[in-house]
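*Asks:* Below are the chains, spelled out letter by letter.
Number of protein chains: 2
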Amino acid sequence: MRVDLINTGTELVLGRTVNTHLSYIGEQLFHAGLRIQHQVCIPDGDVIGRTLEERFPRADIILVTGGLGPTSDDITRELTAKLLGLDLHFDASVAENIRGYYAVRNRPFGEGGRRQSMVPEGAIVLPNGYGTAPGLYLPRTERNPHLFLLPGPPRELYPMFEDHVLPQLRAIVGRSKVTSREWKFCGLGESELAEHLEPPLSKIPQLEIGYCAKIMEVHLRCLGEEKALEEAEAVVQRVYPYHLVSDDLRSIEEIVVELLADRGHWVSFAESCTGGMLAHRLTNVSGASAVLAESHVTYANEVKTRLLGVDPVAIEDHGVVSAPVARQMAEGALTLSGADHALGVTGIAGPTGGSDAKPVGTVFIGLASKRAETHVEPCFYPTDRETFKWRTTQRALDLLRRRLLGYPLDEA
Amino acid sequence: MRVDLINTGTELVLGRTVNTHLSYIGEQLFHAGLRIQHQVCIPDGDVIGRTLEERFPRADIILVTGGLGPTSDDITRELTAKLLGLDLHFDASVAENIRGYYAVRNRPFGEGGRRQSMVPEGAIVLPNGYGTAPGLYLPRTERNPHLFLLPGPPRELYPMFEDHVLPQLRAIVGRSKVTSREWKFCGLGESELAEHLEPPLSKIPQLEIGYCAKIMEVHLRCLGEEKALEEAEAVVQRVYPYHLVSDDLRSIEEIVVELLADRGHWVSFAESCTGGMLAHRLTNVSGASAVLAESHVTYANEVKTRLLGVDPVAIEDHGVVSAPVARQMAEGALTLSGADHALGVTGIAGPTGGSDAKPVGTVFIGLASKRAETHVEPCFYPTDRETFKWRTTQRALDLLRRRLLGYPLDEA
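Chains as they are written, first to last, in our numbering: chain A, 1 to 412; chain B, 1 to 412.
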């Protein structure tokens, strides 16, 4: 089936807003076994009519985002109805919802509310739980392909897409029993993952697979009926038990917070080159205050010694970016905080500060725990400053995850 | 002039990669006084030919990204030459550059290098400083509009765009003396900014202006000849001297690091609800180690007392999210670190932890300095957890910026 996506919005073509609709909808369509063949981005206004007309004969399904709002440049609904020769009628139940939405915010229903309550004849209303304008689905006729008119703002679009658009798409493609699952892996690359998972996964009938490589993380997506997905889950668990971070879209920081909370454990960080990013990432998770009481950025040598008790002789002998210092930072943070686990990180983020012996990207991660030996490992992430911080924190969080699960700490 | 953008890449329509080309190029075109009328995203392969043919009669300038690489699905160059009936010839100087690029990486020149060295007759080569495939510019003929074939990877595309594409575009539109400038403001909204700047700016002849609202930051862009831009600069400086963060694209954290370094001052943070994001943002700036020696996340009350000396009675009497605690955190961090300035932040990031008296989004920021009175202010940012952290750190960094510059600390 040929799927077209039309994104309308002057702010998109002016470059003021990154268009994330394509990437979001592209990913979502996978869950219905569909893919986009053609996406176009156009300003608000009349051009939407011409674009629809051009694409009608070339697509089986057209998804349009934007232009359903209450202002005068939101004319997707009206232009589409005109193009298809459909009357618009006032829908009392849509109006009811909009009235309720406005009432809570002390705003009048007005002309904008009235326009958003108009529905083309034959259209199926897709409820909007997070805004005013409902989505509209016009099933295929001789005149037009399946046509979905959807709101532009992501916080309105995303829930509507998952709750109301995907079920319609699954019905259209006749694959209502097909669902999808996604696994996140840390500590190995896309090609390595594919090499070891592809042979066993390819033996599972009716299973479609796809990969997505992020920084220091690979996602595997499978599409199929429940039985096939369960077989895939068994393969994944058998081949990569230690690298598998989550099977339900949760991030590594969410997993780490949950593992700590389940065990009633506390963690603390002593960060040098990551400059607070470890604490920042962990505290992005709601509930982090139950597992993190304190964390420290110790940039200066003097602070490493004063706060964490790092031996100045070790700094002198091995350099501040060294395994002994990472060990002492982790162990010092453990003692200072009384936590169950502590990570200590020291390295050279760059772009300056490197040397021949220790180039930019050199980093040592120490993991100390109350009931386990301290683990220290050298890593090397020569890249830009922010990516260096991301990679280092990713590896550090993965070490902590593995320790909490009793897994081996080696990458392999 | 009608400008079209065609982005090719199967990974884009599959949703694996967010297409940032539209937003990047949309912004860049402003600097040449142009805007995109139509953008399309298509998979690798034959469809590029059909798409070009469709758009030729409707555009004056077409920019194509992607499909110039060495692999078999990179066929933009070949399809375009075929479509225009142009011969491809081997360009020795292009080949020379590609050979050099591969040699450094110990990779053979091979068939891929040879294909990337082919140039359609009449094309102007746009050098690629960060990869192999050069860009190609085919000036307008009776057959085709101005046509730019550009590489897909951003690290190759961006420098090429700024160094080689923009000058060509300026020549095409005949506005080679026109340049642009951008100002960043913190502490006021887009509509307020526009209301006060629009009247004086609109009196400057031959000046085009545009706004871009980010979270807790507004950017003003002006386009014109040097004289008009200097007049605009004077207006901005006169109307909003305190809100103006930078006039050269630098971020507020870069400005703060520079201001601290210029004065030989140090800063330290005591973060509760921002969980390390203040330190993380500051340490994204290279050179942060010259202005930040230590920083602390003090989530638990006990840690606020033990490390920063916050009075337990103040926590008991006013609650941990309160002005007195923010003050004591800032002053405690100042004493602990011996720094010249310290920020203390306490608040409720949510989604849980709010109450009627102190709902989610409540936050107090304290700023202590060696040579100034401590400033404490209540803020209210009811939003999601990560945006809350961003807004709070943005306001905190702006307070520090204003103090370093001797500006009033009030929003107004």
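Since the hints were made in silico from the structure, they are not lab data.
One thing to keep in mind: the hints can contain errors.
[To be verified] Just the calculated beta-carbon pair ranges, DEER-fashion: (1) 60(A) with 140(B): 34 to 44 Å; (2) 287(B) with 167(A): 23 to 33 Å; (3) 177(B) with 139(A): 31 to 41 Å; (4) 175(B) with 70(A): 35 to 45 Å; (5) 226(B) with 290(A): 51 to 61 Å; (6) 100(A) with 78(B): 28 to 38 Å; (7) 312(B) with 290(A): 14 to 24 Å; (8) 371(A) with 111(B): 52 to 62 Å; (9) 73(A) with 177(B): 49 to 59 Å; (10) 384(B) with 408(A): 47 to 57 Å.
Where a beta carbon is used, it is the ideal one built from N, C-alpha and C, also for glycine.
*Asks:* Give a verdict on every hint.
*Replies:* Hints, one by one, checked against the model:
no.: 1; hint: 60(A) with 140(B): 34 to 44 Å; result: holds (36 Å)
no.: 2; hint: 287(B) with 167(A): 23 to 33 Å; result: violated (53 Å)
no.: 3; hint: 177(B) with 139(A): 31 to 41 Å; result: violated (56 Å)
no.: 4; hint: 175(B) with 70(A): 35 to 45 Å; result: holds (37 Å)
no.: 5; hint: 226(B) with 290(A): 51 to 61 Å; result: holds (58 Å)
no.: 6; hint: 100(A) with 78(B): 28 to 38 Å; result: violated (58 Å)
no.: 7; hint: 312(B) with 290(A): 14 to 24 Å; result: holds (21 Å)
no.: 8; hint: 371(A) with 111(B): 52 to 62 Å; result: holds (58 Å)
no.: 9; hint: 73(A) with 177(B): 49 to 59 Å; result: violated (33 Å)
no.: 10; hint: 384(B) with 408(A): 47 to 57 Å; result: violated (37 Å)
When the structure is compared with the earlier hints, violations turn up for hints 2, 3, 6, 9 and 10 and for no others.
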